[in-house]
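Chemist: So the protein lines, in turn, are chains H and F. Heads up, the first sequence is in the numbering used here, so the first residue is -19 and it goes up one at a time. Heads up, the second sequence is in the numbering used here, so the first residue is 785 and it goes up one at a time.
Hints are computed from structural coordinates only; laboratory data are not their basis. Predicted, not measured: the structure shown is a model, and the values here were computed from it. You may find that some hints are simply not true.
Pairs of lysine-lysine residues, derived as DSS-like cross-links and limited to a Cα-Cα distance of at most 27 Å, are as follows [to be verified]:
1. H:LYS140 - H:LYS104
2. H:LYS315 - H:LYS344
3. H:LYS(-17) - H:LYS113
4. H:LYS466 - F:LYS802
5. H:LYS60 - H:LYS18
6. F:LYS802 - H:LYS491
7. H:LYS320 - F:LYS1050
8. H:LYS170 - H:LYS(-17)
9. H:LYS170 - H:LYS204
10. H:LYS(-17) - F:LYS1050
11. H:LYS204 - F:LYS1052
12. H:LYS250 - H:LYS127
13. H:LYS315 - F:LYS1052
14. H:LYS320 - F:LYS1067
15. H:LYS204 - F:LYS1069
16. F:LYS1050 - F:LYS933
The primary structure of each chain is shown beneath.
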Amino acid sequence: MPKLNHLKKVVVIGSGPIIIGQAAEFDYSGSQALTTLKAEGIETILVNSNPATIMTDKEMATKVYMEPLTTEFLKQIIIKERPDGLLPSLGGQTGLNLALKLAEEGFLEHEGVDLLGVNLNTIKKAEDRELFKQLMQELSEPIPESKTISSLDEAIDFKKQVPLPLIIRPAFTLGGTGGGIAKTEEEFEKVVKSGLHASPINQVLIEKSIAGFREIEYEIIRDKNDNVIVVCNMENLDPVGVHTGDSIVVAPSQTLTDKEHQILRDSSLKIIRALKIEGGCNVQLAIDPLSFNYYVIEVNPRVSRSSALASKATGYPIAQIATLISIGYTLDEIKNPITKNTSACFEPSIDYIVTKIPRWPYDKFISADRKLGTQMKATGEVMAIGRNFEESLLKGIRGLEIKRDHLWSKESSKADTEELLASIQSPTDDRIFELAELIRRDVSIHELHNLTRVDLWFLNKLLNIIKIEKALAESPQDKDLILRAKKYGFSDTYLASLNNQSPIEFREFRKSLGINPVFKMVDTCAAEFESQTPYFYSTYGTENESSETGNESILVIGSGPIRIGQGVEFDYATVHAIKAIRALGYKAIVVNNNPETVSTDFNVSDKLYFDPITFEDVMNIIELEKPKGVICQFGGQTAINLTPQLAQAGVTVLGTSYDSIDIAENRNRFEELLNTIDIAQPMGTTFLNTDEALKKATQLGYPLMLRPSYVIGGEAMEIVYDDKELIEYAKKANEIWPDRPVLMDKYLIGLEIEVDAICDGTDICVPGIMEHIERSGVHSGDSFAVYPPQSLSDQMIEKIIATTKKLALELKIIGLVNIQFIVKKDQLYVLEVNPRSSRTIPFLSKVTNTQMAQIATKAVLGNSLKEQNIQTGLLPTTEYIAIKAPVFSFSKLAMVDTALGPEMKSTGEAIGRDTNLPRALYKAFTAAGMEIPSYGTILVTVADKHKDETLPILKRYHQAGFKFLATSGTAKFLKDNKLPAQEITKISDNSNDILEAIKKGKVDLIINTISKGKDSESDGFKMRRMAAETGVICLTSIDTSLALIKTIEMNSLNSLPL
Amino acid sequence: MDNKMYLYLENGMEFEGKAVGHQLEEPQLSEIVFNTSMIGYQEVITDPSYCFQSIVFTYPLIGNYGINLDDYETLAPSANSIVLGEYAQKPSNFRQRYTLEQFLDLHQIAGIHHVDTRMITKVIRQSGTMKSILFPNKLSESECKDLFKQDLRSDQIPFVSTDKICHFPSHGGLRIVMFDFGYKKNILESLLKRGCDVIVVPYNTSAEKVKLFNPQGIVLSNGPGDPMSITETIPVIQELQKAYPIFSICMGHQIFALANGAKTTKMKFGHRGSNQPVKDFAKNKVYITAQNHGYCVTEDSISGTDLEITQINLNDGTIEGLKHKTLPSFSVQYHPEASPGPNDTKFLFDQFIHNIKEYHA
């Protein structure tokens, strides 16, 4: 037996809720680890607080604990389960940190639990800045010289040893706010001073600047026999200075000669050997474009986002192999799972170019600071595969779903050249489009290279795209030119618009020219060995390697890159749909372009197409595969948005029809339906322009809820209170969505209820009802949701179920439907109906123990609920109370207001589950990353309209022992009501007292119910930002404040005097 | 620009692409092979072991960093032609002196690009290494057939081996005689780097002549083609191994095996790339190695000889390393000098030097 014999039971730590920098990639790696351990006959105990993941499915592990990821809970579980080993390296930084804490405390040793895959002593060397520096010095591996300093004099001393340019990074500020690069003496003094000031502990790290170096990453695996392989190397298009998670990345490296590559490979190998990692590791290096000089930037001693990317880019399953190694196998004992007859101990060779492009949340956070730097800001990413760089880049861009189908953006096309030249020097998410626009305006690529240090190789490729564009503009119908454009990745929609054709017309025209894509296999070995991998991408070449699966297959459309509003929940549903399809004996084919997900693990489906989710690319697959039908309802709005075009092209869309989807999304048709079946909804209407908006607003009366049609996650949803705000919104909407009507509803303040149901056309099954803690007005994705509902009467529940059934049947739903209701004064109003899988499907599936997406898929494929033996109506309530808590990434997004409203802002979710509400709430808050204070100071600002309602809640905080800090208005209100409060000067009165108090840790909790105003200059905004950046809990809803005090009360033991 | 070029395969397949590099007046007949290295095309094209061959690069973008003055494995490359997905017209690298195209012109190497290299690779994988013709004009089926009737040249080693003895002196260093079957520069450099005094001799140098140089060790270099094409060298090696520690690489390894009674055979499509896993039994370790060979030593021919298998290829189990049971000589099928490829096995040069010192101690 090669594996470690004593390992019978292993604890795996997941990465918890999704935040920026730690996303679905850990569901992918964790799921792979669990599957691998199971196949080895090892009992697995999973701990993860993120219910939206595949890995927390009951059947994924022997036991799944959806508990908060804290040492407190982990210890409890370990004591209860008595495992032999703990595998921490697949749960991101969260998993690793927790495991290290347990190990350092001596807990693991005491309990006889082996730490698998990592070595405590050496891991610290990778994680601790000083120890890392020491280790690199021992290994003679170069790192940029640096020093932590607390005064200008110290900085000047350092400058004597290390010449300018220098980077100044203030300690404990968001993304290095207040720091920067100093290139001249004057700049130096200025930046050091501002950096020292910005840091709450007046400390900065001063470091040699290597900005402009090429950034290269190595994904490596090592086993206990010291065998090491490089799975993949990757090159960032953006030179050092932009976080690799925010960089456009290609694999393999493009501009390195073998000499440079081997220098970096040797360095990476030396480091992983010194760290004695048994498993996966990521090394980031910087290499001078003008010499062989290089620096080691960072080491991640675990499976990471980059390794997920490398796995999908090469086909080599890093997490699976790393898991096998962590339980004692050596690389040469493992077969390559792709070819099945060669060794896993080799370095993949690929015969295509992979491009990863980050997906940023700026469509949601319009006010956010879009500058890219050392703090990652992207929520997700797309990966695209092509036989040349241009093709993979353009496929990537059209897969981003940012309303761009080409290397062209309206914003940059309108900007003047000077503006663009300035902008590319401090990169934002738009830089690639700005570079293209400048090339289009004949700015030389040498100038662009001098300004940005983006390698000329990449810029030349952009130039090639522009050259083809220009040639096409002359003769858009030229066959050779169209073929060339297609080979270099141009989209049909772009080419169609040049020819004034619809995409469908152009498609026919292109096909009539005999220009058709082929599909090539991803096989880890550049075709050297025969492989059976069912993993393909489209390109324009000679040989097609994929073949028709035919009538026994179903195509599932995935949900694309992770963004706010469309997260891992939709990949969860996609994976379940695939499982159900296969369970019914069909072949499941999936198309998706997100490298982080489980659905793009080629082992999950019968066939994986890694391609953009656009009409063009999906139709290419459909025309080859000729599936029985296509399922769109699990891939979020991405897939749903394809239904009109697919239906128009004659494709069988299985499940709820396009017409029904249209009724649900089309305001007038929906209203008509509700009227016919006598269901109430908040009074509402639509408008196309400002005049119409104002007229209709007078009829409805303020406040009003506004949103564009056909969007997800409450994108651009806003509550307006007067004409001025309405006009502003109407103007903006008209600019972004010129032809789409804006929905305008009366904003009802009430209890928000959410229901997910499965309908087969005759019956419905409602596994559960969720009640939101926050009243209507806070986006459902940002609310705490409670299952089962706590404040609904039996009659109301009956009414909700009856209404759900009526709606589902009238809409002819086949599959899933999500309905949001408002209950106000015993009246039930329908807020919206989503004829598709929703964000709450995984949560509800888990807490009700019902595989909703699978049942729905079977219904879609013609198996009625009765045939499936599924109980209809509302299922009986389970004994546990479960809470879905939203998790935000505000600390990573400068200038984003943390106040909650109708537009979704959370990036992930956590679960709290227990036998009573306060306990479940405690777990939910803890799992969401909040450290619940049991005493301390609350900074309170309450809007006038909320004062009466807030008073009893504040009294409870007072009784629990909290002190209040408040500005004059609120302080007076508190004192008037016999609550002691310390007064503090408002920020707008030119005082920094509030911000300093937060920064210095004198505030433990902020309750800030906002009065209107999105102005970033407002007191509230500044206060909320400071809270986000210093990690102080800031509640903007009265309802959440109430929930929190309930938890605190439950937790505090009363000391009673005699 | 954008001249057409056609590639014809012995199995009747035909590919139309664009011409790059040397202009062909006559149809060019070559053996077609594929290499899976993603980086290092300059070293690959200038590796003398590709003499008279047509190299398909499985990586579709070749020429990205141009050609520099340092990374030649020989200054007189002898590959016939290259087959590419796309040739990068605008290279970028600080050491770049030429574009790939200028280099091809300079060395009269022909090329075709914008062909489906993955498809061609699969054909070679499935049907084995075969003859191919490159020509800028359309050829009829019968013209191709006639051309394919010709034999491929089998005089590669005499063609690439030096005809003069060359000395790379180093005072006080170990004196090494290297038999040149078409050596890669980095083998020489690896020896020089370790302070060796190296004398490079033609492939057909006699044992007596070698002994005159009074070497302390002998290296048998890599080289192109079939080891059986230079059987005259075999008795020379038999003679020399009795007196000197020998380190043999690639072609040298095959000659060393033949000299000790083992046999070689032609492989279906060989090993050419930078990612071949090799298991070392003695150390129980795996190395990632650079390889370029179309022939190998057969496993069943080892029994009964004085050779012992030390290393095998983890993918197909073929022999990657041999050592003599009684003499201080060993050999590897792969390229410890890398270039291009991983440096995992450079230590073999140190081991060789260690063997010499031990032997003479």
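Chemist: Look at each hint and say if it fits the structure.
Modeler: Here is what the structure says about each hint:
Between LYS140 (chain H) and LYS104 (chain H) the alpha-carbon distance is near 31 Å, which puts this suggested pair outside the 27 Å criterion. In summary, the hint linking LYS315 (chain H) to LYS344 (chain H) is not supported, as the alpha carbons are separated by about 45 Å, beyond the 27 Å threshold. Between LYS(-17) (chain H) and LYS113 (chain H) the CA atoms are separated by roughly 34 Å; this puts the pair beyond 27 Å, and the hint is violated. The straight-line distance between the Cα atoms of LYS466 (chain H) and LYS802 (chain F) is roughly 18 Å, inside the 27 Å bound, and the hint therefore holds.
Distance hint between LYS60 (chain H) and LYS18 (chain H) is fulfilled; the C-alpha atoms sit about 20 Å from each other, no more than 27 Å. The straight-line distance between the Cα atoms of LYS802 (chain F) and LYS491 (chain H) is roughly 24 Å, inside the 27 Å bound, and the hint therefore holds. A distance of roughly 25 Å separates the Cα atoms of LYS320 (chain H) and LYS1050 (chain F); the hinted pair therefore holds under the 27 Å criterion. Annotation: proposed proximity of LYS170 (chain H) to LYS(-17) (chain H) is violated, straight-line Cα distance about 58 Å (limit 27 Å).
Between LYS170 (chain H) and LYS204 (chain H) the CA atoms are separated by roughly 50 Å; this puts the pair beyond 27 Å, and the hint is violated. Proximity of LYS(-17) (chain H) to LYS1050 (chain F) is assessed by CA-CA distance (about 38 Å); at most 27 Å being required, the pair is judged violated. The hinted pair formed by LYS204 (chain H) and LYS1052 (chain F) fails the criterion: a straight-line CA distance of about 35 Å is larger than 27 Å. A hinted pair counts as satisfied when its Cα atoms are at most 27 Å apart, and LYS250 (chain H) with LYS127 (chain H) qualifies at roughly 25 Å.
The straight-line distance between the Cα atoms of LYS315 (chain H) and LYS1052 (chain F) is roughly 22 Å, inside the 27 Å bound, and the hint therefore holds. Of the pairs offered as hints, the one joining LYS320 (chain H) and LYS1067 (chain F) holds, with about 26 Å between alpha carbons and a cut-off of 27 Å not exceeded. Taking the CA atoms of LYS204 (chain H) and LYS1069 (chain F), the gap is about 10 Å. The hint holds against a cut of 27 Å. With a CA separation close to 20 Å, the supplied pair LYS1050 (chain F) and LYS933 (chain F) stays within the 27 Å bound.
When each numbered hint is compared with the structure, violations occur for hints 1, 2, 3, 8, 9, 10 and 11.
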